[in-house]
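Given chain F, work out where chain B should sit, using these hints.
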Amino acid sequence: NAGVTQTPKFRILKIGQSMTLQCTQDMNHNYMYWYRQDPGMGLKLIYYSVGAGITDKGEVPNGYNVSRSTTEDFPLRLELAAPSQTSVYFCASGTGINEQFFGPGTRLTVL
Amino acid sequence: EDKVVQSPLSLVVHEGDTVTLNCSYEVTNFRSLLWYKQEKKAPTFLFMLTSSGIEKKSGRLSSILDKKELFSILNITATQTGDSAIYLCAVDRSSGGGADGLTFGKGTHLIIQP
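Here the protein sequences line up with chains F and B, keeping their order. Adding 429 to a residue's 1-based position in the first sequence gives its number in our numbering. Here our numbering is used: position 85 in the second sequence is 76, and no number is missing along the way.
Heads up, some of the hints might be wrong.
Unchecked claim - The calculated EDC-like cross-link candidates involving lysine to aspartate or glutamate, where the alpha carbons are at most 20 Å apart (straight line), are:
(1) B:Lys58 with B:Asp8
(2) F:Lys486 with B:Glu(-8)
(3) F:Lys486 with F:Asp455
(4) B:Lys(-6) with F:Asp502
(5) B:Lys97 with F:Asp467
(6) F:Lys486 with B:Glu30
(7) B:Lys(-6) with F:Glu508
(8) F:Lys473 with B:Glu(-8)
(9) F:Lys473 with B:Glu46
(10) F:Lys473 with B:Asp(-7)
(11) F:Lys486 with F:Asp502
(12) F:Lys438 with B:Glu30
(13) B:Lys59 with B:Asp(-7)
(14) F:Lys473 with B:Glu60
(15) F:Lys486 with B:Asp(-7)
(16) F:Lys473 with B:Asp74
(17) B:Lys32 with F:Asp467
(18) B:Lys31 with F:Asp467
Claimed, not checked - Below, a sample of chain B positions facing chain F; criterion: calculated Cβ distance under 8 Å:
(19) Asp74
(20) Gly92
(21) Phe95
(22) Gly98
Hints are computed from structural coordinates only; laboratory data are not their basis. Where is the CB? At the ideal position from N, CA and C, for every residue including glycine.
Same shape as in the complex, but just chain F (with noise of 0.2 Å):
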């Protein structure tokens, strides 16, 4: 098993710039998270899917926009990027029940 897999490893946007992180996992998990990590800070919930089709706002999802077609994927979707943006994200996945298993992260940058 794979895990939690997430590309690309770092990227380096421009203001208003798009780009889409990929978020796929082989463990037949229902739930779905997308979280961003600031320096210093933990983790915060940007959007969420408990199903295929199914996804729900988290925290902080303004800026952001997601899509559940299938079980093993979770993309996360920049329209105009911002530096205030610039952050490591995470997605995961889980049961719903334990733990939830994390990728290895996005370091975003936007300039």
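Frame of chain F, contents of chain B only:
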């Protein structure tokens, strides 16, 4: 507003010392409290606590939850340099059978000096 507060935010000790990391919480719904260890990359799971007073143990690490006083501690005995990491505390606030994400504290940055 739901919040999870960890203390200390940073801690430097010598190899062999014992450390205690603290996590207090104020949330509207509580299902469980989780501890994660974060080195350079993804957080890795340590413990999940749901009941008061029951210690969870894994090697030199142990943790306990007090649901009356709303806090948890993570103990590490005989620390080693490999224990150096950020330790994250998170609360699962899910209710109604759902699982709508974790609320994290800022973490404790632990440095073990040789």
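Taking the hints in turn, this is what the structure says about them:
1. B:Lys58 with B:Asp8: 28 Å, violated
2. F:Lys486 with B:Glu(-8): This hinted pair holds, its Cα atoms lying about 17 Å apart.
3. F:Lys486 with F:Asp455: 23 Å, violated
4. B:Lys(-6) with F:Asp502: 30 Å, violated
5. B:Lys97 with F:Asp467: 10 Å, holds
6. F:Lys486 with B:Glu30: 28 Å, violated
7. B:Lys(-6) with F:Glu508: 30 Å, violated
8. F:Lys473 with B:Glu(-8): 14 Å, holds
9. F:Lys473 with B:Glu46: 28 Å, violated
10. F:Lys473 with B:Asp(-7): With a Cα-Cα distance of about 12 Å, the restraint between F:Lys473 and B:Asp(-7) holds, given a limit of 20 Å.
11. F:Lys486 with F:Asp502: This hinted pair holds, its Cα atoms lying about 17 Å apart.
12. F:Lys438 with B:Glu30: Holds. F:Lys438 to B:Glu30 sits at ~16 Å (cutoff 20 Å).
13. B:Lys59 with B:Asp(-7): 17 Å, holds
14. F:Lys473 with B:Glu60: 25 Å, violated
15. F:Lys486 with B:Asp(-7): With a Cα-Cα distance of about 16 Å, the restraint between F:Lys486 and B:Asp(-7) holds, given a limit of 20 Å.
16. F:Lys473 with B:Asp74: 24 Å, violated
17. B:Lys32 with F:Asp467: OK: B:Lys32 and F:Asp467 at ~13 Å, within 20 Å.
18. B:Lys31 with F:Asp467: 14 Å, holds
19. Asp74: 19 Å, violated
20. Gly92: 4 Å, holds
21. Phe95: 3 Å, holds
22. Gly98: 6 Å, holds
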